[in-house]
Amino acid sequence: MDASSIYSQTLSQLDATELSMTSPQGDALIQAASPSDHQKAVQVLLDVHQARLALGNATLQSIADKLKANEQAIVAGTAAVKRALSGLNDLTQILNTVSSLIKVVAQIVPMV
Amino acid sequence: MRPCKRFGAAFAVAVLLAITGCATARLNRFNTFSQAGVAYVAASQTVIQNAGTAAVNTDSALLLRSRPNLDQSQRTARLTASNTLLKQRLQVLQLISVHGKLLQAYFEALSSLSDAKATNSAGTAAQGVYDSLAKMSPDLKNAKMGATSVSSFIPTVTAPVVATFKVHALNEELKVRSKDIANELALQEAAFSAIEAELKTDTQEQQNFSETDSINQFAAEKPLPAEWASQRLTLLSTPAAVASADAASKAAAHLRSAFTALVENRLDSADLESLISDMSNLLTIAQSIEGAEK
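Those protein sequence lines, which keep their order, are chains A and B.
Be aware that the first sequence starts at 2, since it is given in our numbering, and climbs by one per residue.
Be aware that the second sequence starts at 83, since it is given in our numbering, and climbs by one per residue.
Since the hints were derived computationally from the structure, they do not count as laboratory data.
There is no bait here: all hints are sound.
Here are some, though not all, of the chain B residues that point toward chain A, as calculated from beta-carbon distances under 7 angstroms:
{"id": "1", "residue": "144"}
{"id": "2", "residue": "163"}
{"id": "3", "residue": "167"}
{"id": "4", "residue": "177"}
{"id": "5", "residue": "178"}
{"id": "6", "residue": "184"}
{"id": "7", "residue": "187"}
{"id": "8", "residue": "188"}
{"id": "9", "residue": "192"}
{"id": "10", "residue": "195"}
{"id": "11", "residue": "266"}
{"id": "12", "residue": "269"}
{"id": "13", "residue": "294"}
Values in this document were obtained by computation on a predicted structure and should not be read as measured data.
All residues carry an ideal CB built from backbone N, CA and C; glycine is no exception.
This is chain A alone, in the form it adopts within the complex:
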């Protein structure tokens, strides 16, 4: 299992824990607990939340780094497509093809 899979699985567990603790049922349990347990539960909930934020950031940052590494290719691709579009505006190749076709027709026309 690679690092990103471990990140992802741990993050899913933290997500589920936080949602369970903040659900109406989880909240009712926390409210009904003794003052010291209640205090502990609030601290644990905040710890889970911060761990979730930190791990989520690490996961997104690792993907963002890979996206960044791919940026040069995207920019080069955009430039290449734009160059092809400019080339199209030069029309040389199109004109050559169209004029060849017309020349063929021109050779046949006098015989018709």
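The hints should help you fit chain B onto chain A, whose structure is shown.
This is chain B only, laid out in the frame that chain A set:
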């Protein structure tokens, strides 16, 4: 001889048109794919923005609820830690958003090049070539292909020739960059799966808080707020933001499979229809999120 020669010329033109007709069809697929890409990036920007907002709002709601149980130093420490983490979250989402704009520029360039309608300048230039040739061969001026004059035939020929040129350029681009683009779309899918998980959790947590408040209001002796019943419907419905996160990662995955099919020249009209449907779904959700935020 004459009918045969006439048939030969007509056949040559028909073959040319058939070949270039295929090019036009492929060009249309390129165009639809690139427009789907543009739509994907535009809608996914809304999802990214929503993810940042949801992260901050959920954190604020949780801190506010926990505040009575924290002493002064704990409050300061918790808020400071959250602020640091949320700044990082917003920064990384911003990085993904900025990157998305580069991808959008790429799809827009592909879309411009694959636009089959953009052949007016080529048609005008081809007409110029015909006019010069017609001066050299006066018969050409009155020549006909079947019932159609050669002159009026030129725009019909030019469009598919332009299409062939464009398809060649697009195929070359695919040859050079297909691996990078497939990798990019896979990363987009991974990014939106992660964003989706966090956006879902944040949105559901806010909904949890609202539901708990609604239950507590109902259980208390105090009179219920006037809007209690109407708010209940909202908190029991799935928020648009939860659906949007699913739609974005699904759209990225679909875009990737469509891209692979496009590279392998096996993207058919049913695939395109399904791709457009996914992108429309994502756009609709993005619009409903924007509408809900106003």
